[in-house]
Structure formats: structure tokens, C-alpha cells
Amino acid sequence: MLKKIASIRGGLTFLLILAIIYAIYGIYYKIEYWGFSFSPKQNTNLWSIEAHISFTPTNTPIKINLTTPRSNDAFKILEENIIAPDYKIKRNKTKSLLTLTAPAKNPEDKQNLYYKIMLFDNIDTRGKIKAPQPQAPQQPIFDNQKLAAAKQILDLAEKMDGDSVSQIILLLNQEPLAPAVQSYLPVKNTQQQTVEIISDLLALKQIPSRPARGFKLEESKKSLSPDLMLEAYIDGVWKLYDIRTGKKGLPDNFILFQRGGKSLIDVIGGEDSVIKFSVLKSVKSTMSLAGQRAKLMDSQGWFNYSIYNLPLSQQNTLKWLSIFPLGILLIVLMRNVVGIQTMGTFTPMLLSMALVKTGFWAGMGCFSIMILLGLIIRSLMNRFNLLLVPRISAVVIFVILIMQELTVLGYSLDLHIAQSAVFFPIIITAWIIERASITWEEEGPLNAGKEIFNSLLVAIIVYFVISSEYIRHIMFAFNELNIIILFIVMLLGTYTGYRLLELKRFSPIVKR
Amino acid sequence: MLKWLSKFCSPQQLYDAGVLGMNARNFHIISKHNQRRLYPLVDDKVQTKTLANNIGISTPKLIGKIEHQYEVKNILDIINQYTEFVIKPAQGSGGKGVLVISDYHDGIFTTASGRKISYAEVYQHISNILSGLYSLGGKYDTAIIEELVHFSDVFKEYSYQGVPDVRLIIYKGYPIMAMTRLPTKASGGRANLHQGAVGVGLNIQTGKALHGVLRNQPVTIQPDTGADLMQIQVPYWQEHLLIGALAYDMTGLGYLGADIVLDANKGPMMLELNARPGLAIQIANGFGLKTKIKEVDKYYPENLTANERVKFVLNYRHAK
Chain A
1 MLKKIASIRG GLTFLLILAI IYAIYGIYYK IEYWGFSFSP KQNTNLWSIE AHISFTPTNT
61 PIKINLTTPR SNDAFKILEE NIIAPDYKIK RNKTKSLLTL TAPAKNPEDK QNLYYKIMLF
121 DNIDTRGKIK APQPQAPQQP IFDNQKLAAA KQILDLAEKM DGDSVSQIIL LLNQEPLAPA
181 VQSYLPVKNT QQQTVEIISD LLALKQIPSR PARGFKLEES KKSLSPDLML EAYIDGVWKL
241 YDIRTGKKGL PDNFILFQRG GKSLIDVIGG EDSVIKFSVL KSVKSTMSLA GQRAKLMDSQ
301 GWFNYSIYNL PLSQQNTLKW LSIFPLGILL IVLMRNVVGI QTMGTFTPML LSMALVKTGF
361 WAGMGCFSIM ILLGLIIRSL MNRFNLLLVP RISAVVIFVI LIMQELTVLG YSLDLHIAQS
421 AVFFPIIITA WIIERASITW EEEGPLNAGK EIFNSLLVAI IVYFVISSEY IRHIMFAFNE
481 LNIIILFIVM LLGTYTGYRL LELKRFSPIV KR
Chain B
1 MLKWLSKFCS PQQLYDAGVL GMNARNFHII SKHNQRRLYP LVDDKVQTKT LANNIGISTP
61 KLIGKIEHQY EVKNILDIIN QYTEFVIKPA QGSGGKGVLV ISDYHDGIFT TASGRKISYA
121 EVYQHISNIL SGLYSLGGKY DTAIIEELVH FSDVFKEYSY QGVPDVRLII YKGYPIMAMT
181 RLPTKASGGR ANLHQGAVGV GLNIQTGKAL HGVLRNQPVT IQPDTGADLM QIQVPYWQEH
241 LLIGALAYDM TGLGYLGADI VLDANKGPMM LELNARPGLA IQIANGFGLK TKIKEVDKYY
301 PENLTANERV KFVLNYRHAK
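Quick mapping for you: the protein sequence lines, in order, are chains A and B. When the first sequence is numbered by the working numbering, its final residue is 512 and no position is left out of the sequence of numbers. When the second sequence is numbered by the working numbering, its final residue is 320 and no position is left out of the sequence of numbers.
If you're looking for bench data, these hints aren't it; they were derived computationally from the structure. Treat the hints with care, as some may be off.
Derived DSSO-like pairs (lysine-lysine); straight-line CA-CA distance at most 30 Å [what the hints assert, rightly or not]:
{"id": "1", "chain 1": "A", "residue 1": "K504", "chain 2": "B", "residue 2": "K96"}
{"id": "2", "chain 1": "A", "residue 1": "K450", "chain 2": "B", "residue 2": "K61"}
{"id": "3", "chain 1": "A", "residue 1": "K511", "chain 2": "B", "residue 2": "K3"}
{"id": "4", "chain 1": "B", "residue 1": "K311", "chain 2": "A", "residue 2": "K450"}
{"id": "5", "chain 1": "A", "residue 1": "K511", "chain 2": "B", "residue 2": "K7"}
Rough simulated footprint, nothing fancy, chain A against chain B, three-plus residues with beta-carbon under 8 Å [stated by the list, open to error]:
{"id": "6", "segment": "16–24"}
{"id": "7", "segment": "69–75"}
{"id": "8", "segment": "104–115"}
The beta carbon of each residue, even a glycine, is placed where N, CA and C say it ideally should be.
All chains, please: the whole structure from these sequences, using the hints.
Below, the structure is given as C-alpha cells:
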């Protein structure tokens, strides 16, 4: 006998372990590739950037080189669109350079080309990615006088706040400028020049650096020109600096478009070329992005058959369903391990579901009123000597009437308590009333009260677990957990130890 | 809080006392020894009665049964010349839906507790039975009307109204544990422990009182009559045990509860059988069922007749 149990338990434990392994893999996969998270209200910023390139062709072959952002760990591209009719599109190996070639017959009128990209930020990974060590920076060619001036500046910079990069940037932007700096800088310098000067100074300190282009995002603005930033390689990672404030890291609402290299766009065979950027930011919940993320990952097949690919309304229904197994597990624990007897096996769970929808106090108040009124009406009905099925049906109708009245009353008195009546399962409520009234008659009000109390107690315990937004989100987003629950429930089916309350019930045997 | 906690004991203590828990009962005992297809034999009291009479167990005489709603109005014809009888659901459990009429005269029914009820109330009670209010799983049920048992005077001073009975636990055909259940005022004349009846564990070999228990607490006197429970000695004990042993033969259920009532004139009669008897009997006996079950598995011979098994139990000397 024992051997048999051991083998059943062994089998179930084995399946449970498999389920746990599967769930861990599933959770890892969903977090890593679909971008799910344990927190229910995670939002992801979504950027849509449009580059509008316009130029007038000169009668030479047209060739446009556009540097485009690529997916990396810091941000991922959801969609990329090129609107360039009749142009041949070519990409280089790393796909970071887009080459558009005009058709054989050169167009003559003004050309308008669009490049659209939609991407989202992987905020979590920013700044944490190790980059390979770049080559030692090329030393600037300075004459002795300039070298001395540069060294003086570097010495001065050491007195500033922040790391060595910030120090230099701060010094160069000081107000008013130190005399040594003033003489070092050209009278009027562009952003491009500033970056070059900083890079040269950093090179003297053997710190590799490169320019980076991106956009300060302000939604109302339509046309933007890219901002220049500086990236320096420190401690194995590329760090981004604002060249005016020396602030480290990616500023809020800033999207990086291109790193290092030359300009963003080259137009050959055209003149008066203008590139205009417009940026739109939108916030989407992480869950709703999952589909698009999955498509990027070539794991479409799997995602298409998952519940997250369903319309949102159906997802909400399933979200509600996916909390049930946890509730069921709690009921099993309450009955088979703790040993609380309740009215009907799953009645407490259904009650707690209703409580989640109504809110705790409102629900409890409303439920008590309904049961109390129901019991009074039921006891009055006793005199009619009705048969069981018509009688319970009458109770059901009474429950509906009570719900209606409570809701109307609640609305007119502006009481939320009364309005939550409609969420309680009608039939369940009616049966609770019927059973309580029978128990009352047969075994006295004490036992009837005890039965209701036990059921409510279990309902409240289940309520406090499933009312958590976090737990509901986790059970839905990582629904593999339900398989674990399935095997835990089955394993509990082989639990033959004492129930907690039996330790009290049978204690007279050992304490005589 | 501490006081409340002190009411608990450790699982090890229970284990050492050989106490059988609900989970272990369901998993190891019932699912192993009681085949599900045999349940209807004990769940349906009409079937049980027929089987019992065939094998030679006496039961209260069946006066009549009502299977359909339109037959309910025949109740007065069925009871005809009887002035006392019991109406119960054929598939009830735990004494639910049992209506004891101790007197019926001039259209007035008097219940065991002395309450006078009308024909309409009796009518509704039978309707409730038929619609399955008291049956397992709420199935449509049959109401049976049987003779009222006149229980032996032996129990008179121990019982407040109602019918005291003897509950036997029979394992593999051997009666292994016994108790008598005595109705009290609090239990409303019912012999159910959880409703407040007194349970008194009985020595399985002698039928003498071991311990008394009332609502899970030790008790030595009947709360209503003040009688000393420890003086209880159930007469015709061997006949009681034989009913239990035969009940195994007639049902084939390896783990079984038999409720036996001692009629003043007709001797021990079987009231009903139960395929999932409760565990409170352990408290009344002061020791666990598991000890007994292990003993049977280990030392008790198989393939004995009912009579031989009873003799074996009566003469069994503890292995120690």
C-alpha cells in the first residue's frame, strides 16, 4: 500500500518538477523576449520618428546614404517604413546604412522621401551593456603651445565636479569662462566643433570618445534637427554626456539615432537637401506590446497561439479565469489540510470573486443584508409548504428582487455598499439561504451561523489573496504557473496526514 | 490565544495514539476497501433492508414507501392502523430528514420530542424527502415509513427522548470499535454526536462503557438524566457483533459502519449501514482506529464465517 502511494507521489512530484522547470523557462522567455514583467502597471515608451528628406535633383545619378538606428539591447525597432517610390533600397551588412538609389531615369522635380521608424526603449538594459574595447584614441596633432594650453585646461578641469568627462564639459561651459579656456576655444563654435574639442582633450587622457546624434523629444514640435551628444568609453561601457551640462546618461525624452560616424544623411546628386525630423511619443502597456515584440523575435508561431494575441476583451475574461486555479488551490488547502467545512465546495471562492468586484466592505455589508433578508423571507415562506424546486426558485427570485432594490436604493442614497449587490452570484446566494435555513431548522441557529461563518472565513482568506492586482497580473501574464498549481492540487490529493483542525478535534484522545 | 492553542495536540501524539484522520480514512481505507459500485447497497435503505432480511439480520419492519409526489397523499392509507412510526429518506445520511412520530391520533401527529404537527407539515416533510433535500447529492429520493423501535429499558435512563443506538465499525468483517450514541435534550432527540448527543465508547469484547464524550469533551454522566455513563453494559452484545459481521458479508464493504438499535421485544435490529462512517468514535473510545486496523491486517485470519469472526473478536487476546 505504502509502495503504491510512494509511486503515485513520485510520479506526481516528477510531473510537478517538470511543470516548475517549464514555468521557469516560460517566465524567463516571456520576460526576456516578450517584455512581460511581474508588475501589473508597467508601461513602455513608444517612439515614432519620421525623417522627411527633400531635395532638388541635379542631373547626376542620385544616391542617398542615411544612417539609421539599429535594434540593440538599448532599444528595439518595432516597425520600419521607407516611402521612396521607384527608389532602389539597399542596406549594408550591419543594416545601419541605408542606401537609396534613384531609378535609371532621373527625376527632375523636387523629391520627397520619408523614412519612418517606431521603436521602444529597453530602459532596464540602458548603460549596462558591455561594449568591446575600442581602439586607443587617435592623438590630436597639436603644436607645443596648444598642447600646453590643453594640459592647463585639463589641470583646471580636475577641480570641477563629476568624472573626468563631465569635468571637461563643465569647464568648457563655465559662465564666465576661465581665461585659459577662453583663449583656447574658437570665438564662435558650433556643436560639432565643441564635440571635436572635447574629444581631443579626452584623447590626451586616453579616453576614447565619439559623437552621438539623437533627438530631444518634445511632442508639440514638428520639425527637429538632431542634437549632438558625446559618448565616452569608461569602465568598459559607452557613456553618454550632454555637451552643455556634462550630465551623464541619456536625458529624459531623448532618443539616440546614430553613434559615431559622419553625418546622418548624404545626398549625392541633389541640392538644397533638407532633412526634417518629427517625433511622436506614445505610452503603451508592456503587455500590449508583447505581440509586436514577439514578432521581432521570430517566435511568432508561439505567440500567435497564446492568449495574449487575443482581442483585449477576451483577454480580460481569460485574465479573470486564470485566477481561479489559485483560488481552487486555497480551497483545497482549507478543506484537506486545515479541515474547515464550508457550504458547498467552491461557494467560498465564488463569494470571494464577487468581493473582488465589489470591494471588501461594500461586498460584505451587501452580502450580509442579502442573506439576512433572504433568511427572513425564507422563514416566512416556510408556512406555504412549497415543494423544494419551486421553493428554491422562489428564493432565487427574491434574491434578484433584493439585488434590484439594493441597487436602486444605493443609487438614490449614493451608497456604494448597496450598489454592489449585482455582483453576487444569484444562484449561489439563493442556495446559501436555503441551506442555512434548513440547517437552522434541523440543527439550530448556532450550526447555521457556524456554517455561514466558515464559508465567509474561507471566502475572506481567498479574497485577500486574489484581490491583489499583482497576483492577478502574475497569474495571467505567467499562466504556466497554473500547471504548477494543477500538480500541487493533485499532490495534495495524496496527502493523508492529519488536518490542522483534527489536532484539536482528536486531542481528547491523547489528553485524557 | 495560548489557551486556545493548548487545545491542540501535536500530529506525532495523534500518530502515536493510532488516530485515523479524515484524509487517511478517505485515501487508505475507504478508497481501497470500499468499491464504489457497492455504495448503493448501503446508501439506499430500501435495498439495505431487503438484503439484510435475506441474510438473516432483523430490521425495523417496513410499513410502506412513497416514491412519487402524487403518492404523498396516500400517507394516511399507508399508516392506516399504526399510531407510531418513523418517516425517513431512503438515501439520507447522518439522521437528516428522519421524522419520528411517537403518536398519531385524530389527525394530530406527535413527534418524539412531543411537538404536535399537522398533516400539512408531514406532507411537506415527505415532499422534501422526495425532492432530494436530504439525500446525498440532492438526488430524487424515496420516503420510507417504518415501524418505530421500542428501545430496551437498558437505555432508558441514559437517553433523553429519541432512540439510542450502537455504532459498530467493521473492518474486513471484524467489528473493531463500538460506541453507543445517546440522544440528549440538546441534540433534539437525535443520536448524532455533532448535534450534541453523548457518545460512549464500548469495549468491543464486552459491550461495557469505556469513555463518554459530549461535544468533543470527556463526560461521565448523562447531562439530562444524570445517569452514570460508566455503568453502561449493552446486553446481547454477541448478537450486536454478529449483525456487524453479517453486514460485511451482505455488502462486501471492507470498511463499514453499522447502526444497531436494541428493541425491547425483538432484540438488536440493524437501522442502517454507512460506507463512510465518521471518526468521532475514536474520541469516545479513547484510542485510534489505525491501531485496530493494523492489528486486523496483521493478526486476524481471513476466510472465516461471520460467526467465527465474532468468536475470534470475543476471544482475541492482545498480541502483547
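8 Å C-beta criterion, at least three residues: is the segment 16–24 of chain B covered by chain A: It holds, with 7 qualifying residues against the three required.
How does the segment 104–115 of chain B fare against chain A when you require at least three residues with a CB closer than 8 Å, holds or violated? Our answer is that it is violated, as 0 residues pass the Cβ test (under 8 Å) against chain A, missing three.
For the pair supplied as a hint, K450 (chain A) and K61 (chain B), confirm whether the alpha-carbon distance does not exceed 30 Å. 37 Å, violated
With a cut-off of 30 Å on the C-alpha distance, tell me whether K311 (chain B) and K450 (chain A) pass. It is violated: about 45 Å lies between the C-alpha atoms, which goes past 30 Å.
For the pair we were handed, K504 (chain A) and K96 (chain B), check the Cα-Cα distance against 30 Å. Holds. K504 (chain A) to K96 (chain B) sits at ~26 Å (cutoff 30 Å).
Three residues or more, CB to CB closer than 8 Å: is that satisfied between the segment 69–75 of chain B and chain A? It is violated, with 1 qualifying residues against the three required.
Is it true that the CA of K511 (chain A) sits at most 30 Å from the CA of K7 (chain B)? 9 Å, holds
Within 30 Å, alpha carbon to alpha carbon, are K511 (chain A) and K3 (chain B)? 14 Å, holds
Of the numbered hints stated above, those contradicted by the structure are hints 2, 4, 7 and 8, listed in ascending order.
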